[in-house]
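Protein chains: 2
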Amino acid sequence: MEKLFRSSQRLLNQSSSSIFPHRSNPNFEHLKHISGSSYVYGDICNAYIKPYFECETRNLQAYHPLKDYVGMFRAKTCRIQYKHFGSTATTVQRDPSFSILSSDDIDYFVEILGEKNVFQDEDKLSTANMDWMRKYKGSSKLLLQPRCTEEVSQILKYCNSRRLAVVPQGGNTGLVGGSVPVFDEVIVNIGCMNNIISFDKVSGILVCEAGCILENLDSFLINQGFLMPLDLGAKGSCQIGGNVSTNAGGLRFVRYGSLHGNVLGIEAVLADGSVIDMLGTLRKDNTGYDLKHLFIGSEGSLGIVTKVSILTPLKLSSINLAFLACNDYLSCQKLLLEARRKLGEILSAFEFLDHESMGMVLTHLEGIRNPLPSSMYNFYVLIETTGSDESYDKEKLEAFLLRSMEGGLISDGVVAQDINQASSFWRIREGITEALMKAGAVYKYDLSLPVEKMYNLVEEMRLRLGLSAKVLGYGHLGDANLHLNVSTLQYDDSILAQIEPFVYEWTSKHRGSISAEHGLGLMKANEIYYTKSPETVRLMVSIKKLLDPNGILNPYKVLPHSPLP
Amino acid sequence: MEKLFRSSQRLLNQSSSSIFPHRSNPNFEHLKHISGSSYVYGDICNAYIKPYFECETRNLQAYHPLKDYVGMFRAKTCRIQYKHFGSTATTVQRDPSFSILSSDDIDYFVEILGEKNVFQDEDKLSTANMDWMRKYKGSSKLLLQPRCTEEVSQILKYCNSRRLAVVPQGGNTGLVGGSVPVFDEVIVNIGCMNNIISFDKVSGILVCEAGCILENLDSFLINQGFLMPLDLGAKGSCQIGGNVSTNAGGLRFVRYGSLHGNVLGIEAVLADGSVIDMLGTLRKDNTGYDLKHLFIGSEGSLGIVTKVSILTPLKLSSINLAFLACNDYLSCQKLLLEARRKLGEILSAFEFLDHESMGMVLTHLEGIRNPLPSSMYNFYVLIETTGSDESYDKEKLEAFLLRSMEGGLISDGVVAQDINQASSFWRIREGITEALMKAGAVYKYDLSLPVEKMYNLVEEMRLRLGLSAKVLGYGHLGDANLHLNVSTLQYDDSILAQIEPFVYEWTSKHRGSISAEHGLGLMKANEIYYTKSPETVRLMVSIKKLLDPNGILNPYKVLPHSPLP
Chain L
3 MEKLFRSSQR
13 LLNQSSSSIF
23 PHRSNPNFEH
33 LKHISGSSYV
43 YGDICNAYIK
53 PYFECETRNL
63 QAYHPLKDYV
73 GMFRAKTCRI
83 QYKHFGSTAT
93 TVQRDPSFSI
103 LSSDDIDYFV
113 EILGEKNVFQ
123 DEDKLSTANM
133 DWMRKYKGSS
143 KLLLQPRCTE
153 EVSQILKYCN
163 SRRLAVVPQG
173 GNTGLVGGSV
183 PVFDEVIVNI
193 GCMNNIISFD
203 KVSGILVCEA
213 GCILENLDSF
223 LINQGFLMPL
233 DLGAKGSCQI
243 GGNVSTNAGG
253 LRFVRYGSLH
263 GNVLGIEAVL
273 ADGSVIDMLG
283 TLRKDNTGYD
293 LKHLFIGSEG
303 SLGIVTKVSI
313 LTPLKLSSIN
323 LAFLACNDYL
333 SCQKLLLEAR
343 RKLGEILSAF
353 EFLDHESMGM
363 VLTHLEGIRN
373 PLPSSMYNFY
383 VLIETTGSDE
393 SYDKEKLEAF
403 LLRSMEGGLI
413 SDGVVAQDIN
423 QASSFWRIRE
433 GITEALMKAG
443 AVYKYDLSLP
453 VEKMYNLVEE
463 MRLRLGLSAK
473 VLGYGHLGDA
483 NLHLNVSTLQ
493 YDDSILAQIE
503 PFVYEWTSKH
513 RGSISAEHGL
523 GLMKANEIYY
533 TKSPETVRLM
543 VSIKKLLDPN
553 GILNPYKVLP
563 HSPLP
Chain D
3 MEKLFRSSQR
13 LLNQSSSSIF
23 PHRSNPNFEH
33 LKHISGSSYV
43 YGDICNAYIK
53 PYFECETRNL
63 QAYHPLKDYV
73 GMFRAKTCRI
83 QYKHFGSTAT
93 TVQRDPSFSI
103 LSSDDIDYFV
113 EILGEKNVFQ
123 DEDKLSTANM
133 DWMRKYKGSS
143 KLLLQPRCTE
153 EVSQILKYCN
163 SRRLAVVPQG
173 GNTGLVGGSV
183 PVFDEVIVNI
193 GCMNNIISFD
203 KVSGILVCEA
213 GCILENLDSF
223 LINQGFLMPL
233 DLGAKGSCQI
243 GGNVSTNAGG
253 LRFVRYGSLH
263 GNVLGIEAVL
273 ADGSVIDMLG
283 TLRKDNTGYD
293 LKHLFIGSEG
303 SLGIVTKVSI
313 LTPLKLSSIN
323 LAFLACNDYL
333 SCQKLLLEAR
343 RKLGEILSAF
353 EFLDHESMGM
363 VLTHLEGIRN
373 PLPSSMYNFY
383 VLIETTGSDE
393 SYDKEKLEAF
403 LLRSMEGGLI
413 SDGVVAQDIN
423 QASSFWRIRE
433 GITEALMKAG
443 AVYKYDLSLP
453 VEKMYNLVEE
463 MRLRLGLSAK
473 VLGYGHLGDA
483 NLHLNVSTLQ
493 YDDSILAQIE
503 PFVYEWTSKH
513 RGSISAEHGL
523 GLMKANEIYY
533 TKSPETVRLM
543 VSIKKLLDPN
553 GILNPYKVLP
563 HSPLP
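As given, the protein sequences belong to chains L and D, one line each in that order. With my numbering applied, the first sequence corresponds to residues 3 to 567, in that order. With my numbering applied, the second sequence corresponds to residues 3 to 567, in that order.
Warning: the hint list may mix true and false statements.
Chain copies aren't distinguished; within one or between two, either way the pair holds.
What the hints assert, rightly or not - In silico DSS-like links for lysine-lysine, alpha-carbon gap of 30 Å or less:
#1 Lys143 x Lys126
#2 Lys396 x Lys336
#3 Lys203 x Lys511
#4 Lys159 x Lys546
#5 Lys455 x Lys336
#6 Lys472 x Lys511
#7 Lys472 x Lys455
#8 Lys317 x Lys455
No wet-lab data here; the hints were simulated from the structure.
All chains should be modelled from the sequences, with the hints used to inform the complete structure.
Below, the structure is given as structure tokens:
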């Protein structure tokens with residue numbers, strides 16, 4: 003009881019000022035795979051593509067027999083090769099129904115777009131052919147930069163009639179190889195369509211072209227007292243059209259939810275060039291099927307998003323951050339429930355990490371200090387609040403923390419006193435990936451699972467691997483998004499074989515998702531059955547055929563390359 | 003300045019306790035049309051259907067030539083007759099491709115469902131054939147009550163092969179004739195599928211069968227400390243499957259948003275009997291097209307929703323209500339902006355009414371007292387807050403009101419001191435419809451429009467009609483949902499001709515919606531072009547053909563009966 007009291011005092015003593023943490027690059031964890039890779043790029047018919055090693059050998063027992071179609075295509079294929087260890091490789095064949103670009107095609111595009119928006123030079127193309135992690139590389143010979151919807155329409159109408167495959171490209175910041183060509187697809191980059199069309203300060207509804215960069219939109223809105231409902235590490239490059247097309251999640255998800263809830267309307271161009279105007283700016287509209295949702299998250303495979311209407315929340319001024327310790331995972335769950343109940347309307351982040359994650363950071367990163375040094379606890383939780391009134395919000399947070407401490411949910415904790423302290427707390431959470439890289443090899447999984455079952459997977463994996471590896475569990479508990487990471491001194495196929503397909507089967511069995519927010523792209527197109535039922539995939543394929551009968555839009559992505567089971 | 007100070011004091015003096023208002027039936031305004039109606043019901047081929055008079059003569063100049071197809075069908079038609087005044091009537095013909103029910107069909111259904119779930123008796127059928135407002139009546143000879151998804155699948159598979167038309171029915175509480183047969187469609191009522199499947203107290207995710215009554219779900223959740231993210235006047239009868247199928251809005255929309263944001267997954271049965279399992283329970287899942295959105299708001303015309311997974315918010319304990327006066331509409335808009343900024347996270351309602359609406363209530367309803375009797379103001383606003391901490395929330399509201407008063411946005415105002423006072427404030431807002439009925443004839447429009455332009459329509463209508471009518475504007479300002487009402491002593495075609503099609507054209511011109519939350523059903527299927535573009539409707543039609551090639555699911559609803567423009 004005495005300890006509880008002292009801890010509570012500490013919480014209260016340290017909470018003296020509001021903070022606004024500058025977080026480090028939240029996508030930093032994705033950078034780790036780049037180190038030490040060697041890439042071999044082939045020609046159109048023999049390009050080596052190196053995806054994440056998150057997506058190694060997948061035994062799709064759950065739904066479809068991978069064996070049946072692996073090796074079906076041997077000639078003129080684009081092999082997907084896996085890094086460091088030689089597990090099963092799948093192949094993607096260039097679709098022979100697509101035409102090869104001709105000089106007449108170029109002439110046509112120059113005619114409709116003007117010479118300066120038709121790019122064939124190697125410098126421009128080499129950048130656009132490769133994703134920002136330098137893991138995927140295509141061999142496109144042409145990049146087009148339309149300046150308006152009508153030009154996008156003319157391009158697609160022509161490409162469809164000529165059966166020229168197209169890859170829509172925004173900021174090219176995707177993580178699953180969705181925004182670069184696989185072979186020689188024509189790149190349609192919408193970066194020149196970057197005008198803000200309107201902003202309604204009363205309703206907070208922004209209408210803009212799809213090529214607007216997320217950070218620019220956010221800066222514009224902040225000047226108006228609003229902010230974008232999504233925030234990504236790539237915000238300086240990614241474009242809103244790409245965000246919508248990939249249903250980007252990001253840091254503000256726990257507070258503002260999915261783009262399916264925030265996007266009010268879009269304008270999209272279908273494969274045949276038809277422009278679908280669904281650019282409503284209304285929160286309520288029940289006049290028929292809400293087809294914009296088809297284009298949110300379909301990764302450019304159903305149409306190119308050209309304009310977006312989005313509901314933006316007000317920018318609130320008061321931000322607080324607490325770093326807490328819990329003895330067990332059940333306490334973390336209960337704390338989440340209590341935080342939702344007591345802080346509900348001001349809760350803006352609820353992140354967790356386990357003791358293995360904390361140990362990893364303390365061991366491998368310099369300048370990191372444990373905010374709760376008296377003991378190593380089993381779990382750590384970061385709770386951030388964002389509200390409209392500094393003093394009330396802080397009192398509310400402090401009262402909540404005191405009650406949780408007295409109730410035994412929290413074993414210890416501190417509240418950041420200033421922006422530096424807040425940044426140091428976030429550094430622990432966001433430094434896990436960097437620490438893992440320094441520790442050696444890492445097998446990394448980004449899963450969405452029911453919160454109550456989420457940590458069972460970490461514990462089962464720990465039992466499964468024994469002393470051969472360290473198993474870390476951390477992530478966005480408030481969004482039910484687990485980062486499961488297995489750390490070893492060096493890569494070992496036998497370790498991988500113990501992890502996969504177990505991790506995917508476990509996720510599938512618990513109705514989880516193998517891609518919480520990154521999409522499927524090229525990388526996970528064949529893994530779809532771990533999360534989606536065959537009937538749902540069949541329906542997806544039918545919709546794709548309906549909207550893009552020639553399959554010219556972003557081929558080889560999202561949908562499985564194999565025959566349907 | 004002195005007045006401001008006194009007003010502010012009043013605000014502070016009166017705000018002494020938290021309240022939980024019991025509102026009157028929020029759908030009461032829809033009851034007005036029933037009074038004095040006389041209905042003539044014909045047989046299958048000559049059924050008289052009486053829709054709202056919100057949907058009188060529609061000159062669809064905006065997009066499609068109504069003239070071209072009005073009167074196309076004369077024989078064996080179901081006439082849509084308009085009440086009281088003889089404007090243009092449109093006709094719906096029974097689709098001759100649908101089969102007529104045979105005794106063999108009945109035998110089959112008895113075989114798969116058992117005798118007690120196959121209804122042919124007149125009592126049961128007469129209730130199910132008619133909507134709850136007694137405005138629409140079909141002539142179905144058969145009602146089926148499946149008990150599980152597999153039975154729904156067997157029914158649809160059979161109906162599809164036999165080309166028997168089907169109307170899916172939940173609680174039959176819709177307002178646009180969407181849930182009753184138009185002719186002899188087989189009624190598939192899912193009310194027996196009413197089990198709660200699971201509830202996760204940590205994530206707040208509820209999974210249940212589609213026949214669960216909304217109020218039962220809400221009661222279940224309240225015991226768990228949660229609540230449904232939607233609340234309707236019809237909650238005692240309506241079913242969650244129907245709510246999802248119609249994308250129901252309701253009272254909690256301004257706080258929790260649309261079902262597109264809250265529904266995490268569904269299971270649906272397509273016309274051919276295939277079961278599509280999209281019953282995810284994850285907040286994050288980016289594995290391909292999110293096809294559940296096709297079924298949210300498609301009014302049962304693409305499939306029958308059989309199970310639902312929904313994210314439910316925590317029930318918060320502190321509720322406060324203020325009744326305020328503003329001098330002009332610009333102040334109302336600014337107040338909304340400020341309320342979002344200062345109360346943001348606890349704001350749960352922002353309703354407005356103009357002086358004509360207030361005058362109507364004070365004149366025609368008994369026992370209504372003006373909470374601000376010192377003067378008649380141009381606009382009145384109700385602001386409700388719902389939060390987790392009574393004392394903090396109240397202080398926050400009071401500080402906000404004081405600032406708004408000092409800033410000149412509010413001219414006067416009171417905060418409810420107890421539940422009775424809160425109910426009396428809500429009674430004013432919700433009594434407008436009843437008052438309008440007592441005043442004589444009313445022409446009623448439920449529109450979604452950009453907030454900044456919304457009241458322009460009321461003013462233009464007032465100028466247009468001059469002294470011949472009273473024009474009232476009120477509604478859910480926080481949702482940009484306007485109730486435009488024109489009140490006259492008696493119905494008059496010349497008044498109607500001045501209102502329509504002007505009101506629809508104005509709504510269309512400002513990219514508004516002619517159906518903010520009720521859907522299209524039978525009533526507004528032909529009006530879709532006022533809000534949706536022809537290309538979007540074409541795409542809707544394609545999707546309908548893809549998912550239901552024989553068109554057996556809820557025919558004559560949602561999609562226009564006319565050839566596409």
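We went through each hint and held it up to the structure:
1. Lys143 x Lys126: Result: close within a single copy only, 10 Å intra versus 68 Å inter.
2. Lys396 x Lys336: both (21 Å within a copy, 27 Å between copies)
3. Lys203 x Lys511: Answer is between: at 20 Å across copies they meet the 30 Å cutoff, but 46 Å inside does not.
4. Lys159 x Lys546: The answer is both: 17 Å in one copy and 24 Å across copies each meet 30 Å.
5. Lys455 x Lys336: within (14 Å within a copy, 46 Å between copies)
6. Lys472 x Lys511: within (24 Å within a copy, 62 Å between copies)
7. Lys472 x Lys455: within (20 Å within a copy, 60 Å between copies)
8. Lys317 x Lys455: Between copies only: 24 Å across chains, 34 Å inside a chain, cut-off 30 Å.
The structure agrees with every numbered hint stated previously.
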